[in-house]
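Engineer: Keeping the supplied structure of chain H fixed, place chains Z and Y upon it in accordance with the hints.
Chains as they are written, first to last, in my numbering: chain H, 73 to 344; chain Z, 308 to 662; chain Y, 186 to 472.
In short, the hints are calculated from the structure, not lab data. Being a predicted model, the structure only gives us computed values, none of them experimental.
Below, computed lysine-lysine pairings styled on BS3-like, alpha-carbon distance capped at 25 angstroms:
hint, chain 1, residue 1, chain 2, residue 2
1, H, K121, Y, K315
2, H, K145, H, K129
3, H, K300, H, K145
4, H, K121, Y, K324
5, Z, K441, Z, K418
6, Z, K445, Z, K479
7, Z, K482, Z, K445
8, H, K300, Y, K315
9, Z, K634, Z, K540
To list a few chain Y residues with every Cβ distance to chain H over 10 angstroms, as calculated:
hint, residue
10, F254
11, I329
12, E330
13, V386
Interface residues of chain H toward chain Y, partial, derived using beta-carbon atoms under 10 angstroms:
hint, residue
14, R78
15, Y98
16, A107
17, F117
18, L163
19, L182
20, V220
21, T224
For each residue, glycine too, the CB sits at the ideal point set by N, CA and C.
The primary structure of each chain is shown beneath.
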Amino acid sequence: MNPARRRRAVHALITAWTLAVVVFIYLPGATLALASLTSTRYFGFPIVKWGLDWWRKTFNSIEIHQLLEVSVKIAFIVMVVSVAIAFFGALAFARYDWRGRSIYQKLVLLPIFFPQSVLGLALLLWFNTLGLDLSWKTAVFAHLIWVVPVATLVISIQVYSFDPTLEEAAFDLGATRWQVLREVTLPVLLPGIVSGCLFSFLLSWGNFPLSLFTTGADSTVPEYLYAKMVVGYTPGVPVLGTVSTIGAVVILLGGYGLILMLRRSRDRRGTL
Amino acid sequence: MTSASVILELRGIRKDFGALAAVDGIDLAIAEGEFFTIVGPSGSGKTTLLRMLAGMEQPSSGDILLRGRRINDLPANRRPTCMVFQSLALFPHRTVGENIEFSLKIRGVSKVERRQRAHGLMRLLRLPEELYGKNVTKCSGGERQRVALARALAYDPEILFFDEPLSAIDYKLRKTLEKELKDIHRETGKTFVYITHSLEEAMVMSDRIGVMRQGRLVQVGTPNEIYVTPNNKFVSEFIGDVNVFPVEVAGPGRLRSSAIAGEFTAPKLPSGFSKGHLVIRPEYLRFLADPSGAENSLKGRLYNEYALGSRFQYQVRVGDQVFVVEKLRQQAYGGRLDDDVVIGWDARDSILVTD
Amino acid sequence: MARRGSWAIPGPGPRAALPLVLLLLVGFAAPLLAILDYSFMPPRTFSLTGEPTLENYVTIFQSTSYLSFLWSLALATVTVAVLALTCYPISYGLVRVFGRWATVLTLLFTIPLFVSENVRLYGWVLFFIKNGVLLGALKTYLGIEFDSWLFTSSATVFGMIYVYLPFMLFPMTLGIAMVPNETRDAAFDLGASRWQVFREVELPLSMPGIVIGFLLTFVLAVGAIAEAKVLGGQAIIPVTHDIEIAFTYAQNWPLGAALSVLLMLVVGALVLLVLRRFDLDTILGRR
Numbered sequence: 073m074n075p076a077r078r079r080r081a082v083h084a085l086i087t088a089w090t091l092a093v094v095v096f097i098y099l100p101g102a103t104l105a106l107a108s109l110t111s112t113r114y115f116g117f118p119i120v121k122w123g124l125d126w127w128r129k130t131f132n133s134i135e136i137h138q139l140l141e142v143s144v145k146i147a148f149i150v151m152v153v154s155v156a157i158a159f160f161g162a163l164a165f166a167r168y169d170w171r172g173r174s175i176y177q178k179l180v181l182l183p184i185f186f187p188q189s190v191l192g193l194a195l196l197l198w199f200n201t202l203g204l205d206l207s208w209k210t211a212v213f214a215h216l217i218w219v220v221p222v223a224t225l226v227i228s229i230q231v232y233s234f235d236p237t238l239e240e241a242a243f244d245l246g247a248t249r250w251q252v253l254r255e256v257t258l259p260v261l262l263p264g265i266v267s268g269c270l271f272s273f274l275l276s277w278g279n280f281p282l283s284l285f286t287t288g289a290d291s292t293v294p295e296y297l298y299a300k301m302v303v304g305y306t307p308g309v310p311v312l313g314t315v316s317t318i319g320a321v322v323i324l325l326g327g328y329g330l331i332l333m334l335r336r337s338r339d340r341r342g343t344l
Numbered sequence: 308m309t310s311a312s313v314i315l316e317l318r319g320i321r322k323d324f325g326a327l328a329a330v331d332g333i334d335l336a337i338a339e340g341e342f343f344t345i346v347g348p349s350g351s352g353k354t355t356l357l358r359m360l361a362g363m364e365q366p367s368s369g370d371i372l373l374r375g376r377r378i379n380d381l382p383a384n385r386r387p388t389c390m391v392f393q394s395l396a397l398f399p400h401r402t403v404g405e406n407i408e409f410s411l412k413i414r415g416v417s418k419v420e421r422r423q424r425a426h427g428l429m430r431l432l433r434l435p436e437e438l439y440g441k442n443v444t445k446c447s448g449g450e451r452q453r454v455a456l457a458r459a460l461a462y463d464p465e466i467l468f469f470d471e472p473l474s475a476i477d478y479k480l481r482k483t484l485e486k487e488l489k490d491i492h493r494e495t496g497k498t499f500v501y502i503t504h505s506l507e508e509a510m511v512m513s514d515r516i517g518v519m520r521q522g523r524l525v526q527v528g529t530p531n532e533i534y535v536t537p538n539n540k541f542v543s544e545f546i547g548d549v550n551v552f553p554v555e556v557a558g559p560g561r562l563r564s565s566a567i568a569g570e571f572t573a574p575k576l577p578s579g580f581s582k583g584h585l586v587i588r589p590e591y592l593r594f595l596a597d598p599s600g601a602e603n604s605l606k607g608r609l610y611n612e613y614a615l616g617s618r619f620q621y622q623v624r625v626g627d628q629v630f631v632v633e634k635l636r637q638q639a640y641g642g643r644l645d646d647d648v649v650i651g652w653d654a655r656d657s658i659l660v661t662d
Numbered sequence: 186m187a188r189r190g191s192w193a194i195p196g197p198g199p200r201a202a203l204p205l206v207l208l209l210l211v212g213f214a215a216p217l218l219a220i221l222d223y224s225f226m227p228p229r230t231f232s233l234t235g236e237p238t239l240e241n242y243v244t245i246f247q248s249t250s251y252l253s254f255l256w257s258l259a260l261a262t263v264t265v266a267v268l269a270l271t272c273y274p275i276s277y278g279l280v281r282v283f284g285r286w287a288t289v290l291t292l293l294f295t296i297p298l299f300v301s302e303n304v305r306l307y308g309w310v311l312f313f314i315k316n317g318v319l320l321g322a323l324k325t326y327l328g329i330e331f332d333s334w335l336f337t338s339s340a341t342v343f344g345m346i347y348v349y350l351p352f353m354l355f356p357m358t359l360g361i362a363m364v365p366n367e368t369r370d371a372a373f374d375l376g377a378s379r380w381q382v383f384r385e386v387e388l389p390l391s392m393p394g395i396v397i398g399f400l401l402t403f404v405l406a407v408g409a410i411a412e413a414k415v416l417g418g419q420a421i422i423p424v425t426h427d428i429e430i431a432f433t434y435a436q437n438w439p440l441g442a443a444l445s446v447l448l449m450l451v452v453g454a455l456v457l458l459v460l461r462r463f464d465l466d467t468i469l470g471r472r
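Just chain H, with the same shape it has in the complex (with noise of 0.2 angstroms):
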């Protein structure tokens, strides 16, 4: 076989192969999407009876509202708080040199190299012994020991391909030190900060071991789909791990747009 057409080959194996794994990477998104237009209590497949009123009853449900209330609640304040220290994490982490630098960079590695059912029980155990009751409260601080590692890489990647002349050009140019910050670097980063505020979210909108162990009487989506998976089923189960799994696609295409569009604004004013 000459080489091209080997290349060829090898390279239609590799798209066959990764088109395979998406789908079974959305094979158990799909199957609940299915379960969850079910009318019957229980699931069997092939479906005998369609219908959306497992929805209804979903969306009707105080119980869910209060879930949902709490979930949004926990990931909205985790993403706020997270971003806000993850930004300055990260400008420590990859724009400036210092001693300990490297120390440092170990340190935000290790919350997430760290089993996530550990950091929760350790983090319950800590709270009992500083006497501090459950609650979403403590979720969110939870949530924070694993968020604002991951969100400090994810905006220090960012971080890495800026110049850091530009700040020193802002700052010979006569711009105080807030002046710098406000006029340069933070436009300048603000795709990373909009990533950063999309992980955060989401992943403490996700996020379960460390919900598990520390949100007390509070419960959030993930808690309540596990205890109905192991106790008692209903396809409000499907329903709202759809909800959940929608809700997620919305936020990131929405997040990702919003960065495009900050990137066209940006080229377009050369047109004018």
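Structural biologist: Here is chains Z and Y on its own, set in the frame of chain H:
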């Protein structure tokens, strides 16, 4: 130079990074309106020196005086000086106009006046007006250079610093911009302090040049002085292809070399000279048909020739030593490679330097 | 000359790092120390200030808990091996084959990261369960009946492979992207075969990303808790399950703490050993 005309004075400036002295004691006075260039190879400490002058690094010791006032502790944003960076450091999220107006906006200058100033500067730098609203990332290399200069000029600094802004630009455009920069210097009358690793670039633009090596200034002078009377081997070699070989005094007016057999007629000896290097620029070497009348001559073999546009360069091997000879195209040497040749020079065209 | 340039006023690096370092001290280091302390407390006590004892560790090595420990390590190893083989062609494709489609595919692989793992695993339960999508379809359309494959140890591994795929894929992709095209071309040009290019150039140069992928998936798989519960039934009891039981039903915090400490030691040693060898600036910044 009278002290009244000095704008920037350096007294014993040092910068240590750990045990390493990046800048190792520099004394220098730069005159008002001067185009002063610091030349040195990479690692010579020139960038560190410039960053100290601009206020981005603190000297370990020594004083920086601006019109006689010590400014060591003044941060960059409060010094009346401005830098054009090697990367240019144009703000990628801003248009050409916004980049130029940056310092004016910081100072709270009104929008109308800012626009007026920006347009004036764009005219001065021959930037087309329609670039005003264009994103800087969409500009060509030459345009970006001019925008960076305009942005610095908008600050209305007393001194402009340049950190090798032309180093990443192709040859032809660089030559154009070098001349333009000199024109801008004349038109604005401001003091320019420029650093580069290219002595050729420095020669084109500067009023005076300081050659830097290992954190020290080894020679300061006009381009002509640097070219004609380099005061050491490093400076003489820094300018480009040059013939250098070790010599010592053999007798009154006579020199002898460890590298080449025979004796040579010496030029005027620097005071106290006993041992050093003889420097002969390639354009001062001649091919001799008849060596008998020459002050100095050497027998060698023509090894290779290179066409350099307006000139030809020849490599002549004399024993293990290689000599470089340059001739204008009209006076090209007609011989073939591997010919035996005789080259010679007049003693007054050679220079003696110490190490 | 400073590589990243520095300000005239010293110390912006430490100052920017401060909030994050404080957060990790209070929320990461302190809880781990508390767990360490608890692991030396007498069994079934709820105080940090008891008489220190090694009893919990003795209990662990005398009971079958170390079995679940080994199970966890074995499952994680299998997961890493399968994922390495699964992800390499995809990562290679993302960097070298798919061109502008790579962005879309990357997005497709990212989305599952943001959906809780138990939700996704439950999708598999409905897929594999008796009368579920797979078995139901086989029965109805082909008339074949099988027993469900769920609630076996292989189902647990399957779940881990599924959940941790992105964590192998992305570092690996980053690693392969670090190999300059010209280096590969140069190796080909110097007469290397495809296989030799892979072994001599591509693999060693992309190693940092690959090893980080291994490490990340291994650590996460060792700490996995949902897979065994949702897909594996009780076919396997991983160490995390033992830990959870000790903390919840058994109300024996010191025992749970001791198990956690052992797990942390394994994971921590592994992470520090691997991370020490890599320069993060090169991997993340590609400078």
